[in-house]
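**Q** Here's the letter readout for the chains.
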Amino acid sequence: MDFKLAKWLSYRFNAGIEASFDYTKERRDTGIWRYANQLPSTSISDDRETFTNFLIEHTLNFNKTFRDHSINGVVGYSYQQEKRTYTSASRLNLNTINGTTYTTISSALGVPSSGGGVSAFYRLQGYLGRINYAYKDKYLLTASGRIDQDSRFGPNYRTGDFYSIAGSWRISNEAFFKSNLINDLKLRASYGQLGISSSLQALGGSWPILGYINNNQRAIYGVNQTPVIGESQATINNPDLRWEQRNETNIGLDAFLLNNRISVTADVYSNESKGVLVNVPIAFYLGADIGNYTATSLANAASIRNQGVELTVTYRNYLHALHWDISVNGTTISNKVISVGNQGSGINYIEGTDFIRSQVGHPMAAWFMLKTDGIFQTQDQIDNYVNKAGVKIQPNAKPGDIKYIDLNGDGTINNDDRQFVGSPWPKFQGGLQFNATYKSFSLNLQLVGVFGYKIYDDIRRNLDSYTQLTNFRKDINPWTSTNTNTSDPRLGLVTDPGINDNNRAESDRWLENASYLRIRNVQLAYLLPQIFMKRSGFKNAQIFVSGQNLFTITKYKGMDPDVEGAGINQRGLDNGNWPPARIISFGISADF
Amino acid sequence: MVIAGCTKKLDIANPNAPTSEDVWQTPGYAQLGVNSMYSTYHRVGLCRMQFFMNIIRSDEGFSTSPNGALINNFDQFVVTDYNMFERRAFYEDCYVGIARANQVLDNVPNIVGLDDASKSQFVAEAKFMRGLFYYYLAEYWGNVPLQLKTSLTTDLPPTSPRAEVFAQVEKDLSEAAPALPVSYDANNVGRATRGAAYALLGKAYLQDGNQYQKAADALQWLTEGDGKDVYKLTPNYRDNFVITTENNSESVFEFQNALNPSDNHDDDVNSGSDNLNYGSSIPPFFAPRPIGFTDG
Numbered sequence: 001m002d003f004k005l006a007k008w009l010s011y012r013f014n015a016g017i018e019a020s021f022d023y024t025k026e027r028r029d030t031g032i033w034r035y036a037n038q039l040p041s042t043s044i045s046d047d048r049e050t051f052t053n054f055l056i057e058h059t060l061n062f063n064k065t066f067r068d069h070s071i072n073g074v075v076g077y078s079y080q081q082e083k084r085t086y087t088s089a090s091r092l093n094l095n096t097i098n099g100t101t102y103t104t105i106s107s108a109l110g111v112p113s114s115g116g117g118v119s120a121f122y123r124l125q126g127y128l129g130r131i132n133y134a135y136k137d138k139y140l141l142t143a144s145g146r147i148d149q150d151s152r153f154g155p156n157y158r159t160g161d162f163y164s165i166a167g168s169w170r171i172s173n174e175a176f177f178k179s180n181l182i183n184d185l186k187l188r189a190s191y192g193q194l195g196i197s198s199s200l201q202a203l204g205g206s207w208p209i210l211g212y213i214n215n216n217q218r219a220i221y222g223v224n225q226t227p228v229i230g231e232s233q234a235t236i237n238n239p240d241l242r243w244e245q246r247n248e249t250n251i252g253l254d255a256f257l258l259n260n261r262i263s264v265t266a267d268v269y270s271n272e273s274k275g276v277l278v279n280v281p282i283a284f285y286l287g288a289d290i291g292n293y294t295a296t297s298l299a300n301a302a303s304i305r306n307q308g309v310e311l312t313v314t315y316r317n318y319l320h321a322l323h324w325d326i327s328v329n330g331t332t333i334s335n336k337v338i339s340v341g342n343q344g345s346g347i348n349y350i351e352g353t354d355f356i357r358s359q360v361g362h363p364m365a366a367w368f369m370l371k372t373d374g375i376f377q378t379q380d381q382i383d384n385y386v387n388k389a390g391v392k393i394q395p396n397a398k399p400g401d402i403k404y405i406d407l408n409g410d411g412t413i414n415n416d417d418r419q420f421v422g423s424p425w426p427k428f429q430g431g432l433q434f435n436a437t438y439k440s441f442s443l444n445l446q447l448v449g450v451f452g453y454k455i456y457d458d459i460r461r462n463l464d465s466y467t468q469l470t471n472f473r474k475d476i477n478p479w480t481s482t483n484t485n486t487s488d489p490r491l492g493l494v495t496d497p498g499i500n501d502n503n504r505a506e507s508d509r510w511l512e513n514a515s516y517l518r519i520r521n522v523q524l525a526y527l528l529p530q531i532f533m534k535r536s537g538f539k540n541a542q543i544f545v546s547g548q549n550l551f552t553i554t555k556y557k558g559m560d561p562d563v564e565g566a567g568i569n570q571r572g573l574d575n576g577n578w579p580p581a582r583i584i585s586f587g588i589s590a591d592f
Numbered sequence: 001m002v003i004a005g006c007t008k009k010l011d012i013a014n015p016n017a018p019t020s021e022d023v024w025q026t027p028g029y030a031q032l033g034v035n036s037m038y039s040t041y042h043r044v045g046l047c048r049m050q051f052f053m054n055i056i057r058s059d060e061g062f063s064t065s066p067n068g069a070l071i072n073n074f075d076q077f078v079v080t081d082y083n084m085f086e087r088r089a090f091y092e093d094c095y096v097g098i099a100r101a102n103q104v105l106d107n108v109p110n111i112v113g114l115d116d117a118s119k120s121q122f123v124a125e126a127k128f129m130r131g132l133f134y135y136y137l138a139e140y141w142g143n144v145p146l147q148l149k150t151s152l153t154t155d156l157p158p159t160s161p162r163a164e165v166f167a168q169v170e171k172d173l174s175e176a177a178p179a180l181p182v183s184y185d186a187n188n189v190g191r192a193t194r195g196a197a198y199a200l201l202g203k204a205y206l207q208d209g210n211q212y213q214k215a216a217d218a219l220q221w222l223t224e225g226d227g228k229d230v231y232k233l234t235p236n237y238r239d240n241f242v243i244t245t246e247n248n249s250e251s252v253f254e255f256q257n258a259l260n261p262s263d264n265h266d267d268d269v270n271s272g273s274d275n276l277n278y279g280s281s282i283p284p285f286f287a288p289r290p291i292g293f294t295d296g
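As you go down the protein sequences, you meet chains L and V in turn. Here the first sequence is numbered in the working numbering, starting from 1 and rising by one per residue. Here the second sequence is numbered in the working numbering, starting from 1 and rising by one per residue.
Only chain L is shown next, with the shape it has when bound in the complex:
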């Protein structure tokens, strides 16, 4: 809602609410689901979740022009609350009488179990202000500031203040600037701070700073062997959690050339995230367990920097009946860890898993693993693979097994032989947009390309490890003495230590180049003639057919190269997450 309070002052009120109610029911009937396992119990379970998120914003906008100066600005207040609650119940051993299986919880015969709680509840509050000043539309200056508060931080660190400043200079409006080629030229620079706390809910929940009691322990005492409840603090909390701060510095240029037919935008950027919230692995001797044998503590541990160059060039041709424009853009990205906080003396890295390491001076979550060097073809090759002291490096290998590189030459292959072998961050991202209109038809095409990064295919590792005895890849091609032209090692049982060695998770056998080129969007639309419009009361109606993610060119053999991974500590780890869908749609859009 907008209210005009004066010629130069207006007030806007904005409110939004999002609510969702989820209901999941899970039922397990009789049946074996895994080869050679005992029959699990039948069960029924029922989970319900309620989610609400509402936002309120008040802003005052002012706008004043006098002579060559123009000032406008805004001050405002915003408030947001998110809450999520859940209830769940389940019971084992469904009752089956006369061929009918009863699936309500109360009808089941086994031990019931239930749970419930508030999984998220937090509030955000912020005050903001911004001023824009322009002189003769030649010199422009913007300054803004924000004060943000998040209920999830402790009272000492709850408030963060963030400022930004930007300026630009329209060189083409200067008296000395005379050019037939360049119609508009603007040089700009900016420095801004941004406070981020959005990763808190996923990483640490709504109450990450205090220590809470876990009441899931059960001790058994007495001749009747009765379970009694035990409680302790299972996690080690960090009371010093605070806002992440991202500092963004940018220098750029906008130009229009050749009668505004060509526009060019170029930027050099450097973004540094300080105090990134990361679940840092902590030593096991502190005796913490947040569940599932994970010993981590949330901390503002890492500082990460992204730097690069961005360029966009657009060409427009509106001279003839066919109007078209084409735009090409590219961004280079260089990602580096600047600091990891205090991880112990002499340790300048955080290791999420055995093969991912975030080390100062390297990209975040870089691949750190054993390097492979093909497959042993003959027993002689195995016997001759020795280090300087003559020790056989892989004595358990047989022909057809993977050869690993012994980086430190100590005669065994272990975690000391790992090295940095690549990054999950793309080095270059580019796109192409093409738009054309001819009479009532219009065509939009968008291409996207992402290059220079590697993905770890965990699904392929699971299938190619030959450990579970029933599932193999369709195109598996194992090495045999007559089939040597393959990169898949020999088949065998996992009681063979050579086979076990081939399956090491911390090797680059599972790493692939994931660069891809994709047709992200194509849309063909037809503007319905005005005769239909007048009769129907619609103003601009279009029928369209469009396709998203139609076609991808990539060498990556997994499901989809567009993988984000399970958090910033494990970027690029393809766990089989749901890939982006190819969507073809038809529709009508209209204004009325």
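Hints in this document: simulated from the structure, not taken from any laboratory. Hints are supplied without guarantee of correctness; some may be wrong.
To be verified - Computed from the model, here is a short list of chain V residues facing chain L with C-beta under 10 Å: (1) Y95; (2) P145; (3) S183; (4) Y184; (5) N275.
C-beta atoms are modelled at their ideal positions from N, C-alpha and C, and glycine is treated no differently.
On the provided structure of chain L, position chain V as indicated by the hints.
**A** Frame of chain L; chain V shown alone:
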């Protein structure tokens, strides 16, 4: 339009659980804290993984597991990964138990409203449990860090040599023994007793450089001291292996196990405590096919 009030409450209490500070004010909580130490045995490292090391690595058993890593690391002594979960879970769980004992030791003496006799017994039980877990660590790993207080994220204790770890074990057990009861009533069988502390102390002295005299002094309480009225050999050796004669007169310290028909996990920190394993999870892992995994 109402302009939203500026006194929004940014202090939101957690409705799911009480804070540690709050619970340690209540006397009744001390027993719950003590119970958590005994629950540590139901974690996978202690109730299953330590047997991979004891049974499979010795001549008592061997492994035909479909998981080759288990065969390599436990049966064949071919170590592919020093941080393997099956091995590391045992280490982690000993420290989880130690952390729980430290919480009891740091907080119980300060509880207002709890009588001194209870306090001294709880403290003694915590010292016994801490001694037991450090005994495992010293035996299996030797040089380990000694963490003797409630943990903070900034703690970085140095590694202590095996002899120092054993010295700590012996200190804890010697202090615990006199304060522990000789026996418990029927409802509390399974908790640490004086005999258990002296027995473990004697065992520790023997492992720690064969200190025969000190071991003999500790064990004497069981055979010639007050303990001789409590402990004697059972008439039938088989009684020690049968469920109907648990906690018999030969039993010095026995982790109690119970059957939970709906058990499906070994992590006593996960919600879903109704499905927690209340015993040892060895059976499904050592049993032959089709019931078990034949890991050992």
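**Q** Out of the numbered hints, which ones does the structure contradict?
**A** Hint 3 contradicted; others consistent.
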